[in-house]
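Trainee: One-letter residues, chain by chain:
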Amino acid sequence: MGALSRAEAQERAPQPVTIDLAEVGVRALNAELHAPTATSYEVLHPHGAHSIAAGVHDEIDVGVRGHAGYFCAGMNQRGRVVVDGSAGNGVAENMMSGSVRVRGDASQAAGATGRGGLLVVEGRASMRCGISMKGIDIVVGGDIGAMGAFMAQAGRLVVCGDAGDALGDSIYEARLYVRGRTGTLGADCVEKPVRDEHLAELRELLTAAGLDHDPAEFRRFGSARGLYHFTGDHGSY
Amino acid sequence: MKDPAERGLRESATFDRATIAAIQHAARTGVYDIRGWGAKRAVPHFDDLLVLGASMSRYPLEGYRERCDTDVVLGDRHATRPLHLDIPVTIAGMSFGALSAQAKEALGRGASEVGTSTTTGDGGMTDEERGESKTLVYQLLPSRYGMDPDHLRAADAIEIVLGQGAKPGGGGMLLGQKISDRVAEMRTLPPGIDQRSACRHPDWTGPDDLTIKIGELREITDWEKPIYVKVGATRTYYDVKLAVAAGADVVVVDGMQGGTAATQEVFIEHVGIPILAAIPQAAQALRELGVHRKVQLIVSGGIRTGADVAKAMALGADAVAIGTAALIALGDNDPKYAEEYEALGSGAGYYDDFQDGRDPAGITTQDPELAARLDPVEAGHRLANYLRVLTMEAQTLARACGKAHVRHLEPEDLVALTVESAAMARVPLAGTSWIPGAGR
Numbered sequence: 013m014g015a016l017s018r019a020e021a022q023e024r025a026p027q028p029v030t031i032d033l034a035e036v037g038v039r040a041l042n043a044e045l046h047a048p049t050a051t052s053y054e055v056l057h058p059h060g061a062h063s064i065a066a067g068v069h070d071e072i073d074v075g076v077r078g079h080a081g082y083f084c085a086g087m088n089q090r091g092r093v094v095v096d097g098s099a100g101n102g103v104a105e106n107m108m109s110g111s112v113r114v115r116g117d118a119s120q121a122a123g124a125t126g127r128g129g130l131l132v133v134e135g136r137a138s139m140r141c142g143i144s145m146k147g148i149d150i151v152v153g154g155d156i157g158a159m160g161a162f163m164a165q166a167g168r169l170v171v172c173g174d175a176g177d178a179l180g181d182s183i184y185e186a187r188l189y190v191r192g193r194t195g196t197l198g199a200d201c202v203e204k205p206v207r208d209e210h211l212a213e214l215r216e217l218l219t220a221a222g223l224d225h226d227p228a229e230f231r232r233f234g235s236a237r238g239l240y241h242f243t244g245d246h247g248s249y
Numbered sequence: 087m088k089d090p091a092e093r094g095l096r097e098s099a100t101f102d103r104a105t106i107a108a109i110q111h112a113a114r115t116g117v118y119d120i121r122g123w124g125a126k127r128a129v130p131h132f133d134d135l136l137v138l139g140a141s142m143s144r145y146p147l148e149g150y151r152e153r154c155d156t157d158v159v160l161g162d163r164h165a166t167r168p169l170h171l172d173i174p175v176t177i178a179g180m181s182f183g184a185l186s187a188q189a190k191e192a193l194g195r196g197a198s199e200v201g202t203s204t205t206t207g208d209g210g211m212t213d214e215e216r217g218e219s220k221t222l223v224y225q226l227l228p229s230r231y232g233m234d235p236d237h238l239r240a241a242d243a244i245e246i247v248l249g250q251g252a253k254p255g256g257g258g259m260l261l262g263q264k265i266s267d268r269v270a271e272m273r274t275l276p277p278g279i280d281q282r283s284a285c286r287h288p289d290w291t292g293p294d295d296l297t298i299k300i301g302e303l304r305e306i307t308d309w310e311k312p313i314y315v316k317v318g319a320t321r322t323y324y325d326v327k328l329a330v331a332a333g334a335d336v337v338v339v340d341g342m343q344g345g346t347a348a349t350q351e352v353f354i355e356h357v358g359i360p361i362l363a364a365i366p367q368a369a370q371a372l373r374e375l376g377v378h379r380k381v382q383l384i385v386s387g388g389i390r391t392g393a394d395v396a397k398a399m400a401l402g403a404d405a406v407a408i409g410t411a412a413l414i415a416l417g418d419n420d421p422k423y424a425e426e427y428e429a430l431g432s433g434a435g436y437y438d439d440f441q442d443g444r445d446p447a448g449i450t451t452q453d454p455e456l457a458a459r460l461d462p463v464e465a466g467h468r469l470a471n472y473l474r475v476l477t478m479e480a481q482t483l484a485r486a487c488g489k490a491h492v493r494h495l496e497p498e499d500l501v502a503l504t505v506e507s508a509a510m511a512r513v514p515l516a517g518t519s520w521i522p523g524a525g526r
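Line by line, the protein sequences give chains A and B. Quick note: the first sequence, position 123, residue 135 per the working numbering, numbers continuous. Quick note: the second sequence, position 258, residue 344 per the working numbering, numbers continuous.
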């Protein structure tokens, strides 16, 4: 399912429990989120703290009112996390399910190794966005940095802006969509034709992310599958 | 053919028969050799050390009778649920994928029978090994194949793997013949491809980031689980210091003799340092930080006997890990499969083609028929027997040195047979007080 908008989340849980990180630490926050006594939470004064809402495994809403540090919503399962700010390194790393929305920018390795769920970065994402992704869907409203989708195995990465150099290096079966310009393509990453099924899944992903770009504006990239078997021919195995 | 030596033929020390065969293979195929096992070359090892039993100046304990404890607590620095193992010999990480499900189950059964831990590998956690392992360490590797927070929570400890002794700086390999449907599904990969595991972690870079990563893992598991950091032995002194600074509860150092399921031969034989050279560096780093015995040190890479266990602990380890030896105990390289090994171009005692997936013993394979040859119950008993022998041998040597716990062994209980091993292990050359390099 798609990430909920803030209004939708508030409608679902009109009175979120407030946890102020100026008063308690991340450990106390996560202890509550791992055994939730409510269905909706609001985290105040995050001030870039690390591991906010890491390891959530229930269907709860968590609104982070400010910037988050590293590994926000790491390994999320079923939770719906919204960061009203930017997120540091590895936001939603290894996410299994649920959704994470970053209203600002995301630092390196956004959605790294994610196996499911939807990560939306409304702003830009830095290097290694979607690195080793394993089934997660990632939609970035702006640009992504270099080495996006490095060794990406499965899932979809949608970039509404530009993609930096070495996109999709050593990619396996993930599908990449870029609306803007691309830098160099990484080893074994190639542009591929956009067919109807790709337009359909793009439309679905953009809708889930709350973006109204025309799917026809995107190009598709994926694996040439030339590195799937070790040989001496390419000299790099 | 008559023995070449009897015919007066002389083999080149530089171009010996294995070297000639390697050149011929490279010339014929144009690809380098990928194999399993660990370094086969001779390097300074525990055999180059001797234990000084008690005599006039030390008081021995009675063998077989007097108490000599072997238990070890791992990870009590930060974790609320540290591990309590009955013996200081653990089972190293080996993946499902590299090994059959039966072999993983057998490792769990054997380890559990004698009260020690086993470890997952670069392929996620299987139900078989979780079910049969009383104490299971879950590895977090660069590839993150099958990484699942439910498994993190189901594990008894977490091991962040930065490298292994067989290939420090290198990622893993699993060739297509072993990527069965089940393995492919667990790793989210297409079946049958030659797979490369990443050589560096995807979401952190350097020791400062590692500190934060460890913090995340503690948060996800509510600070219950001990967190290990495993490194291949290279710049061990610095690596151990950085691992401790990053917050590790336990540091695992794997020497160059440590095994692998599939790595380039050139990597196995030429990268890393012997475990003998690594342990004193690790112990020094821990002592300088004031955390020796508080952050526990597990060492691996060529542990074969209770003597190896005792010597490793005397040099400063809290526990050891075995991999290759554990597979041998399960049935790897068993002479009863001699003809089949020879049909594969190898021999019992030489077989190292773990990458090939055709292991007659059913251990390093995903072939259902071959894997079915390994009875996990019987193989588990064999491993348990072997672990008991290792432990009793280590106790025997510890008692001879007057120690009521194997952990009380110390460098003063050792001497070296060679100048090289004296320098590496930092114990005196036998019959002298000379430790080459000491005092610099």
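Don't take each hint at face value.
Estimated spans, in silico, between C-beta atoms of each pair [to be verified]: (1) B:H164 with A:D224: 44 to 50 Å; (2) B:T291 with A:G173: 20 to 26 Å; (3) A:D224 with B:A112: 32 to 38 Å; (4) A:V29 with B:Y118: 57 to 63 Å.
These are computed hints drawn from the structure, not numbers from a lab. Note that beta-carbon positions come from the ideal geometry of N, C-alpha and C, so glycine has one too.
Trainee: Each hint should be assessed against the structure and marked as holding or not.
Mentor: Taking the hints in turn, this is what the structure says about them:
1. Distance hint check: the CB atoms of B:H164 and A:D224 are about 48 Å apart, consistent with the given range 44 to 50 Å.
2. At roughly 24 Å, the beta carbons of B:T291 and A:G173 sit within the given window of 20 to 26 Å.
3. Distance hint check for A:D224 and B:A112: the Cβ-Cβ separation is about 58 Å, which falls outside the suggested range of 32 to 38 Å.
4. A hinted range of 57 to 63 Å holds for the C-beta pair A:V29 and B:Y118, which are about 59 Å apart.
In this structure, the one hint that does not hold is number 3.
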